[in-house]
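Visitor: Here are the chains, one letter per residue:
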Amino acid sequence: MLRRSYLALLGTIILSLVLYFALPAGLSLRLRSLVTQIFSPVLSTSAALQRWWDASRQEVQSRTALLEQNHQLREQLALQMQDRLRLTEMEDENRRLRDMAGFRQSVGPRLKPARITGRDPSNWWKTIVLDIGAKDGVTEDCAVVTTAGLVGKTVAVTPATARVRLIVDPNCKVAALVQQTRSPGIVEGVFEGLGDPPVCRMDFIGRDAKVLAGYTVITSGLGGVFPKGIRIGTLEPAALSESGLYKSARIKPAVDLNRLEEVFVICR
Amino acid sequence: MTKTFLITAVVAAMALQCALAAVLNVAGSKLDLMPAVVVFAALFGSWNRALLAAVACGLLLDALSFQPLGMSVAPFAAAAAVINHFQRILYRDNIALQFALGGATSFAASAWTWLLLAAGETPLPFEFRIAAKMVLIANLAALGTPLVLWLLKSAVRWLGQWPGDKEVEVF
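Keeping their order, the protein sequence lines are chains A and B.
Mapping the first sequence onto numbering that gives the first Met the number 0, position 53 (from 1) lands on 52, and the numbers just tick up by one.
Mapping the second sequence onto numbering that gives the first Met the number 0, position 19 (from 1) lands on 18, and the numbers just tick up by one.
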């Protein structure tokens, strides 16, 4: 009896290792999609509960806090209106210049709004689940953004849900460049340690490139997944890599990935 | 306890874990309820039930969390086997013991993840901050274990499935 038990345990461990090392990526993706699809009603319910909890917490605020918030919002609105005027001017100027240079007017990307219905339950991987999927025109490798910047890309799509790998996931890689100096590099997620905020790292920056803390990092458009010019985050001080061949620097993401509620999927 | 009850418990715990993942976040670590279910099956069930719980917990966690499929099965199965082997000499209702077993199972899963990733393209770095996070994850799982065990034991008793055909009440 004991021997049979040990054999069963050994078989289970070997089977799990075979699954880990030898399961084809396509089959693994289909299995995950199936499980996500089965669990999507549960995830939606928990997301709705969370939204209700957040909303009910926000409803109870002191009068002083509300007045202060109102004052801040008025100030922000005034600034935003100034920005909007300036941007409208720049847009017009840009259109004129494009026409003059004979550029073909590019068709704007198709943005699909989506709500987040679930987060990765594990501690090492960073993914979220959206409430739209293949029937809404979402496919794999679509960029996901908010008004603040890049969130990630879709990796597994079911008819009604899409799983997004966040830019802070160690398996997510994005071709990027530093906006001020146009120095190219690759942005990838970093495993979070105890108390670390979610950050990414920009590698392969030329060793002679001038990159300063606070510079903005945007997508470069190389690779075809992420359109060019989406804000990724701001650089922290850069340092030479261990090999000394290139510089790397940590990036504070432009989007607060722990407080995401709604995003846009750029469908192709 | 029946196999249906066990699978239902795994699915319910996973649903709760998914819901809590969005709300509960202690210094970047989330509450892991799967070790508690494995400990429950290993402490109070037969060998087959313990292995079933370990496989179900591991596969479901991997499938829903987008970590490589099969990664969590082996440490859960090994922990279940060890706990089940010593089932008759353990004081199963002791909260401190349940806390320790939940923490140890969770830490085994984190350590196995680190080992498997070390052989891959994106290795988990061996640094103090990562080790500290593993310890925190284990402590969070340990904290949840006595509560989950109490809930599951109450549910089993309420359903009249205690003890099962191949299970013996020790105390």
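It is possible that part of the hints are untrue.
[Stated by the list, open to error] Straight-line C-alpha distance at most 20 Å; calculated SDA-like pairs for lysine to any residue:
no., chain 1, residue 1, chain 2, residue 2
1, A, K251, A, G148
2, A, K172, A, S247
3, A, K134, A, C266
4, A, K227, A, T145
5, A, K227, A, G243
6, A, K134, B, A117
7, A, K172, B, L123
8, A, K251, A, C266
9, A, K134, A, P40
10, A, K227, B, G119
11, B, K2, A, K209
12, A, K172, A, V154
13, A, K172, B, P122
14, A, K172, B, E120
15, A, K172, B, K2
16, A, K111, A, S4
17, B, K2, A, S4
18, A, K172, B, L116
19, A, K251, B, A26
20, A, K172, B, A26
21, A, K251, B, G119
22, A, K209, A, V154
23, A, K172, A, K134
24, A, K172, B, A117
25, A, K251, A, Y214
26, A, K251, B, R128
27, A, K251, A, T215
Bear in mind the hints are in silico, worked out from the structure with no lab data behind them.
Visitor: Identify every previously stated hint that the structure contradicts and give their numbers, smallest first.
Guide: Result: hints 5, 6, 8, 10, 11, 15, 16, 20, 21, 22, 23 break, sorted rising.
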